[in-house]
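Keeping their order, the protein sequence lines are chains A and B.
Numbering of the first sequence is given in this note's numbering, commencing with residue 418 and proceeding in unit increments.
Numbering of the second sequence is given in this note's numbering, commencing with residue 418 and proceeding in unit increments.
Be aware that one or more of the hints could be misleading.
Since the list gives no way to pick out one identical chain from another, each pair is judged satisfied if it fits inside one copy or across any two copies.
[Unchecked claim] In silico lysine-lysine, DSSO-like type, Cα no more than 27 Å apart, as pairs:
| hint | residue 1 | residue 2 |
| --- | --- | --- |
| 1 | K937 | K793 |
| 2 | K793 | K811 |
| 3 | K766 | K1056 |
| 4 | K551 | K698 |
| 5 | K422 | K619 |
| 6 | K880 | K937 |
| 7 | K738 | K811 |
| 8 | K698 | K1076 |
| 9 | K1057 | K496 |
| 10 | K496 | K551 |
Just so you know, these hints were derived from the structure itself, not from any lab.
Given next are the chains, with one letter for each unit.
Protein chains: 2
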Amino acid sequence: MLTLKNYAIDRWTEGSGGGADIASAVTGAAIARSGSGGLDFGAMVRHARDIGGRNLRRITFHERAAIVKALGTAIMDRKEELYALNFHTGATRKDGWIDIEGGAGTLFSMASKARRELPDDVLFVDGPVEPISKEGTFLAQHVYTSLKGVAVHINAFNFPVWGMLEKLAVSLIAGVPAIVKPATATAYLAEAAFRILIETGKVPAGALQLIIGATGDLFDHLTGQDVVSFTGSAATASKLKCHPVIVRESVRFIAEQDSLNAAMLGPDANPDSPEFQLFAKEVAREMTVKAGQKCTAIRRALVPAALLDVVERAIIDQLRKTTIGDPALENVRMGALVSLSQREDVRAKVGALKAEARVVFGASDDLAVIGADAAKGAFVAPMLLRCDEPTAAKAVHEIEAFGPVATLMPYRSLDEAVLLLNRGGGSLVMSLFTHDPEVARDVMLGAASAHGRVIVIDRDCAKEQTGHGSPLPVLVHGGPGRAGGGEEMGGMRGVRHYMQRTAVQGSPAVLKAVTGAHVKGSAVSSGPPHPFRYRFGELEIGKSIETAARKITLDDIEHFAHFTGDTFYAHMDEAAAKANPFFPGRVAHGYLILSFAAGLFVDPAPGPVLANYGLDELRFLTPVSPGDEIRVRLTAKSKKKRNEEYGEVRWDVLVVNQKNETVATYELLTMNAI
Amino acid sequence: MLTLKNYAIDRWTEGSGGGADIASAVTGAAIARSGSGGLDFGAMVRHARDIGGRNLRRITFHERAAIVKALGTAIMDRKEELYALNFHTGATRKDGWIDIEGGAGTLFSMASKARRELPDDVLFVDGPVEPISKEGTFLAQHVYTSLKGVAVHINAFNFPVWGMLEKLAVSLIAGVPAIVKPATATAYLAEAAFRILIETGKVPAGALQLIIGATGDLFDHLTGQDVVSFTGSAATASKLKCHPVIVRESVRFIAEQDSLNAAMLGPDANPDSPEFQLFAKEVAREMTVKAGQKCTAIRRALVPAALLDVVERAIIDQLRKTTIGDPALENVRMGALVSLSQREDVRAKVGALKAEARVVFGASDDLAVIGADAAKGAFVAPMLLRCDEPTAAKAVHEIEAFGPVATLMPYRSLDEAVLLLNRGGGSLVMSLFTHDPEVARDVMLGAASAHGRVIVIDRDCAKEQTGHGSPLPVLVHGGPGRAGGGEEMGGMRGVRHYMQRTAVQGSPAVLKAVTGAHVKGSAVSSGPPHPFRYRFGELEIGKSIETAARKITLDDIEHFAHFTGDTFYAHMDEAAAKANPFFPGRVAHGYLILSFAAGLFVDPAPGPVLANYGLDELRFLTPVSPGDEIRVRLTAKSKKKRNEEYGEVRWDVLVVNQKNETVATYELLTMNAI
């Protein structure tokens, strides 16, 4: 019997006043005691804000990402401790893999994205500089900065580890401390994972806290700088969303709640097409993985009317293979629901669904349980229902039986299928099994707005596809309407939920100071030595060089054409070039301009600049005619450390002609020694 | 006396049952009658969804942008009709310019952004393709599609034209029909502007509807595909946000409500610095423009404690110039508040503020009104208050007197200033007057998360700066916390509020079909003729060519180096190149590779390809040593029509070596004849 502890104000604290007992899903025996009595929630919020927020905001995105990565490593190192508790939740080892290793993988993925996509700074820009003045003395730039509040994470019981970690990954990278409230039914597993995080010693003081039990007056202490990220039932979400403080303070509320996800077999399928088998297997798999207790599980399976019977048989063939029992046993494919009350809930909801659909597989009285007592554990059989008139039905589109339950239904046309897909009222995910890309486009246009994720599965991606029910850290997870209207993950999109977007307006010097990047019009420093002489750490943003001029002759153009083989008529044929709407006559090749520009600005001797590794946003703006002269302004624009040996430097390059017209602009990328 | 009409189900409809009279702000006489009695709100919502949404979604972003532009042109063509009504709202012509021409300008700006930044399609992508499989048979891409619902726009009284148009611009471009509910106090001006829109004949059936008066059971008909965009008081917003349907259906709710915006004079200022004068003028201007009835107006003016008295005098000097009276008169600078009840509200709130601040200018009994009756019109004097202990105060940070009212307050350190800025609990905008970019960065890091917009004004941008109180269409408008937590405008960011982001997963062929763009791994068509032989309209996405190989010799490298002047050591010095961490020895110039690549793929004869106008995302991935051979795969990736004569083609370019290693990848941009 475990006594679970809260982690408040950087200390492990047992709840006072006696908490609730938590039972094993498999044996029904009490295995842990929860309780948050005696916690000072106001003090916890202040501690998060004053200490945790400050600690997180004074380190950069890259440093936060390093912490997140270290937390992932710790989870992987100690995963067996978590697998040992996982079985009590009713989950098999395979189910636990999604939760535990999937959770660690999410930390790794987010940490890696943050390193690659965010600067080594505490704010980042959104979109380009907006030119809001004629002379360029006044510019604007959107930036994201960390909210100066706390993230309250209210998690669901089904993925106690992953559910906690996917939220923590983004809030930590955003620089926002979190208070985590796991669902009580599996709080012992969340507490164990949380303990691993704390025991790394890498979590800054105040950055993470844990509440095992009721949240008391926690919400009363929130403000508009805080975020609540909730995963759970629509009923609870509705209550919380209207909490007077949430409403008054416009506290951000990210909700992920009920979802009647659908899988659809395309109209192009027949019993012999690979997509048919892929569909039947996926429906059965989604019903039984984690005993169907996944927010993303398939609840509605839509098939062409003509295939209804044969699909039904194919799914049942798959379901028959499901062995049910003690999830710790190797020959068991499906364990138990999380609790007996959850089983009651599923049974009641199946009861309601029966008003519109009939059970074609898995009447619960024929349950054979391996290695466990069916009376004591929360076991149920997978249940396939069939609804023959889904357009007239209501319950099958609205009632989510959160267990191994799905309803099969026919459609008669693509329009009807889209209608049925959208009858879910907003879902986390839908899958489409088709080998016709045009069907995919049509269904997308019809149904995408009601779904947070659409996965199209066919023979071409069958081997590598990641599954209907698997949210990925790089993709948004969430859905409109019934699904709660929230979004989580999605790579750095998820980080933004914990940050404020602000439009900053000011002079170029101000934008440069705020963003750390050179902006057109901000001061440059042009004296010797050449900018290529500075090591990464020493190179100042704004360090610049303006080159001498070089005349481009007709000989140069002809020579370049014959040397490279690029004899495009605009360079070679005066009459044809003149007929072109953009050119006054023969003009220099764009790549000749680029090459001469490099010849003008490159400092050839060995030094800190190791390589030109690329170029972005090149635009040729004024053609160069024979006799024109070009010169180049090269300015250090921004820097990003790659590792301990070198870092990327982004240079702003401006090529002008003898009339000071802009010939070309681009951003040059070099790798510089640290 | 005008009888205002609703526009419901594509018909002008007078409200039944008698509506409320609306009085002129200047004379107090009734000038219009409102009323929405008898409207069938459910039918209006269904009409918007079924007819309006369908009509908008079957045209592209560019076509919708053309409509939006036409609406802007119509407003400009008929602007005098609106100016004539504008005076009744209490606004001067200058105030009306913000509302009327500012509204048209927002339509133009959004239309132009949509043309430039969105594809000529009905969906657009968000971020890059995510490589979520090893072999590349399974990819993901986030896309935005139009919500299949209706936008309900609830507008404030202060900018009846601009407030309506800035919301309509983005929802129309997003492909979502709107039902507009203007504030009653100035509904006659909104109705006149709306009539101009309808009379263009450019608005698709069902796309726009108007409610002049109460919204009845409108909200009962909303779903998760709908959006409510609300501008008004926090009290009303709180009520609407908790409407059971809004909560149950997770209807998107964008709120822009109260805001205690602040202006701050930097610690670097003194009475002789340009920023000092700029600050005093801006505070006075913001107080008096539109009689201070701007959501973005300065309510709190923060100055270094030592400058408090001298700033007070400077602002008062400015305020003394304010002539008050009939806004139609040329010598009147400030008109009236919108209504007598609004005047009562302002007076009551000033009364509450007086508990913490004293009035240092503008006691309302010394009011001289020009050309109007002070007893009948809603005139008030500008009122400057002063609060000497703002850290201890509460009301000055929380009570928004929506009129020509601001409170001056001192700060003693930068930290204290940031604290005070943030005491507003979330604002639409703050301004900072400083000539020290480091102060700007520090204040940004301290206060940006509590503000939707930060404007830094100094001598360098003084001439071109757009003003504390002016939201711009390209910048987000909105703020966290007390300001409502919503965001509007921000260029195409605003369009996204009316669309659903969906993660799409599938094979390359599926992603290509959905997004219309070539994706790595999707099928290419390689036969003759050369892809450069196709006109814009005929060129198919996926049309591709693989070139012959070309060997790059040491002679080529040396020749190129001497010809261009680029004698960087990595190309010229074997020993130095070998010492470089990236190169095996001397390597070819990146620009030599680019140039030879062009030589390999260019089809030189005159044809539909008019120009190479740029290049994006070039990365050099494998160095090319003397003796290596390169060849190129060029594939049409996406197209975007620019005008009736030509369009942009984006080509995916892959350069490989003889070992099939990727040497370089980039996107080439050409302009092709239509």
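Could you work out which earlier hints the structure fails to respect and list their numbers in ascending sequence? Hint check: 1, 2, 3, 7, 8, 9 fail, others pass.
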